[in-house]
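Peer 1: When you get a sec, could you build the whole thing from the sequences and use the hints?
2 protein chains.
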Amino acid sequence: MNPEYSALLTDLYQLTMLQGYWQYEMHETAVFEFFVRKLPTQRNFLLAAGLEQAITYLEELAFSSAEIEWLAATHRFQPAFVRWLEDLHFTGDVEAMPEGTVFFADEPILRVTAPLPQAQFVETRIINLLNFQTVVASKAARSVLVAREKALVDFGLRRAHGAEAGIMAARASYIAGFSGTSNVLAGQRFNIPISGTMAHSFVQAHDDEISAFARFADANPGNVVLLIDTYETEVAAEKVVRLAPKLKQLGIDIQGVRIDSGDLGQHARKVRVILDEAGLREVRIFASGNLDEYILRDLMEGNAPIDAFGIGARIDTSSDAPYLDCAYKLQEYAGRPRRKRSEGKTTWPGRKQVYRTFDQAGRMISDVLTLREDRQGGDPLLIPTLRSGKRLDPPKPLSALRERAADQLARLPDKLRTLDRAAPFEVKVADALRSLALAVDKQASTVTSSDRFDFKSLEEQK
Amino acid sequence: MNPEYSALLTDLYQLTMLQGYWQYEMHETAVFEFFVRKLPTQRNFLLAAGLEQAITYLEELAFSSAEIEWLAATHRFQPAFVRWLEDLHFTGDVEAMPEGTVFFADEPILRVTAPLPQAQFVETRIINLLNFQTVVASKAARSVLVAREKALVDFGLRRAHGAEAGIMAARASYIAGFSGTSNVLAGQRFNIPISGTMAHSFVQAHDDEISAFARFADANPGNVVLLIDTYETEVAAEKVVRLAPKLKQLGIDIQGVRIDSGDLGQHARKVRVILDEAGLREVRIFASGNLDEYILRDLMEGNAPIDAFGIGARIDTSSDAPYLDCAYKLQEYAGRPRRKRSEGKTTWPGRKQVYRTFDQAGRMISDVLTLREDRQGGDPLLIPTLRSGKRLDPPKPLSALRERAADQLARLPDKLRTLDRAAPFEVKVADALRSLALAVDKQASTVTSSDRFDFKSLEEQK
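Chains as they are written, first to last, in our numbering: chain A, 31 to 492; chain B, 31 to 492.
One or more of the hints may lead you astray.
You can't tell identical chains apart in this list, so a pair holds if it fits in one copy or across any two.
[Stated by the list, open to error] Cross-link-like lysine-lysine pairs, in silico, BS3-like; alpha carbons within 27 Å at most:
#	residue 1	residue 2
1	180	445
2	300	375
3	300	472
4	300	180
5	375	269
6	472	269
7	276	426
8	68	375
9	458	472
10	458	276
11	375	472
12	300	278
13	269	445
14	276	68
15	458	420
Simulated from the structure, these hints should not be mistaken for lab results.
Peer 2: Spelled out as structure tokens, the structure:
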């Protein structure tokens, strides 16, 4: 059973709640929105990603007969409810920000409108998919802004949190502007350029470095990037110099060298000199080894002669902010707006839209968060995506999402493009939304002080 | 295609290296070991986990015909090499520390001994599996030590990094001593107790809280834990008090209440008083909401009357240390020990064993890292696990791994049981291992200063 598509990939409370909704026939339309409450301290903006997988999940949602049998065997549920689950599918609507869209705190990036049990049930996996890819794309975008035209490659599969994390991190970092990934399966699935040459073990398995380099080049003549830090980086660079003319005679060009340890900037400078003095100006220098956007910034500011970077663990785990303070919250049920008022977790009720305004140069000025019906100036960011359970447009190629992200990053105000913490981008809450929130609070305080439940009905039912 | 089992779930460089090994017939026995170079600052010990999935991966490793076709179509590889990949299986041996074993820096927790291409190829997924579960089990163990006899439940699926991460985090935290998970699929796959009741949306979907509570109890009479912080926690607790006798008449007991926001200790104290004064002493208090071991410690030290905790994002992402500085390194090839000497990444060569000694009370005193042949006092921690590609023992039930972890945690020296940084546990490097490392270095410095590759052979081959 593929866990990616199992309907059991959810929190138990979705099923216990559904049993309640089912028993009391609460099938009216519910509206849930996914948003981030607060940006991580180290982020000036977020980049939406993961929508394609969320849409696929909604389209394919169904319990297999084996899953139904297993649920029945837990004896946690009424038999008629388990039979009802057999027919659970997603028949609702989705509006969402396209992947690659820049967004900020409190702005919904996805709205689900569906019969309550459906809209409720999908919460866990929707958050699971949107949180992770958004977290990775948002961190990757920072490296992209810092590295400018230099190539960045995702090397993080080994320290990603499992199989799906590795694949989705490759996808999300590619959307954000990375050039490729070392992850072969991500390459196959998403047509992301794949990249990779040799590890230290290849060098160590030979009795000397130059044999390892020569054999690798001979076996992979179109992909000769030699790892030169297994023993002494500059000594290995000298060997590359000795090897290059001999390989040239065989028609093989050395494309690059990779440095994976020590002071990368310092080594790169020395290696560049060694290569240049030997006339190997076309041999590129790749760097890797626990990189992130901060180290990239230092290397860029130091003008390190590095042409491309492999970034691993810190991208695939978004190590400085591995999850978002995000939520998928009920905003309306049966035509009435709803609002959670738990301490520190208050939400904006109703169906919302985000309008974004730009200056004449196309740079973002500010956003307005308001009700969907309250038209404002600027571009609306939430777009109809799924209607009655079916997608409105075929999936976009990843290249299109990557172009959107690049365009969005180009439109960021300068103050948000820095790695340092900037003053938050202005997200205005429109009067229409404030009024609704007040109205909901007023109504709620009347309601919660009363005790309207009719216990008779419960007793009679028994 | 299930990504968990795809042979393409690897780094491209494994395949380019294999093409080199294949071309030069480098099929002799290689020995790789997985170890952690350095513990994260916030960890005094690590708890091994993920071995079962690593073993399954090795047993099942094979390219599907679709994968072989795709590889051929990339035109990155020689056709004969791709055909050779069709028959790639794992036929080697594995020694490993059982899951639930406490370990420290530099200690191998898994050794692979196999023909070089096999032992090399599996690197990416082996690291991917061992790193993540170990990271989660190690963090979860800290909460277990702090929470003592109180129940801890994994709530992290939604913010875990994808499907596999959510499932494996449930597994790893259960091994470490958690009582269960909210993750239904993890419950089904691994027979982990599942737990869950209601979200705020269930309360919000009703016009008042008491209706929500009554309906939930009626629909889930065996699992009545009511979420009381949607509006005002203590007001909701009073409603629970009013509801309890009416439910009692229907034969339904309220088992607990859950608080998910605000000052958990303060709310719990007030709610406990409200419940106790109404005679509801048996109603338990559950707490959740961005918990981790530090907040648990504070709540425990403040004697907060909380009976069980739900811990989510910070466990499933191991947020303060989301990856390990770990490696899977070549230690021997073709009978000769190997050593990587990259700056800051030097490794200990050869096939190793870890011996652990205990005091009379059964507490750990120190470890000795040495060569496998160099018998030392104490218990050897690496155990034969796979022989010629087949497992030596059937998989242990998760309960057995959980018991092992509990026993290991009980044997930790007191100084390592604290959340604060302690002086490192003593891991002695035996003379036999030091001597070998020196010998390897000496031999290597002779070799790397020479240039032994015979280019004639390369030219003749062309």
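Peer 1: Now tell me, hint by hint, if it's right for this structure.
Peer 2: Verification of the hints:
1. 180 - 445: within (22 Å within a copy, 47 Å between copies)
2. 300 - 375: Classified as between; 20 Å across copies, 54 Å inside a copy.
3. 300 - 472: Classified as between: cross-chain Cα gap 26 Å, same-chain 70 Å, threshold 27 Å.
4. 300 - 180: within (20 Å within a copy, 58 Å between copies)
5. 375 - 269: Result: close only across copies, 22 Å inter versus 61 Å intra.
6. 472 - 269: Between copies only: 20 Å across, 77 Å inside.
7. 276 - 426: Neither: 46 Å inside a copy, 55 Å across copies.
8. 68 - 375: within (10 Å within a copy, 38 Å between copies)
9. 458 - 472: Within one copy only: 23 Å inside a chain, 68 Å across chains, cut-off 27 Å.
10. 458 - 276: neither (65 Å within a copy, 47 Å between copies)
11. 375 - 472: Cα proximity of residue 375 and residue 472: one copy only (18 Å, versus 63 Å across).
12. 300 - 278: The answer is within: 23 Å in one copy meets 27 Å, while 80 Å across copies does not.
13. 269 - 445: neither (46 Å within a copy, 50 Å between copies)
14. 276 - 68: neither (58 Å within a copy, 41 Å between copies)
15. 458 - 420: Neither: 33 Å inside a chain and 62 Å across chains, both beyond 27 Å.
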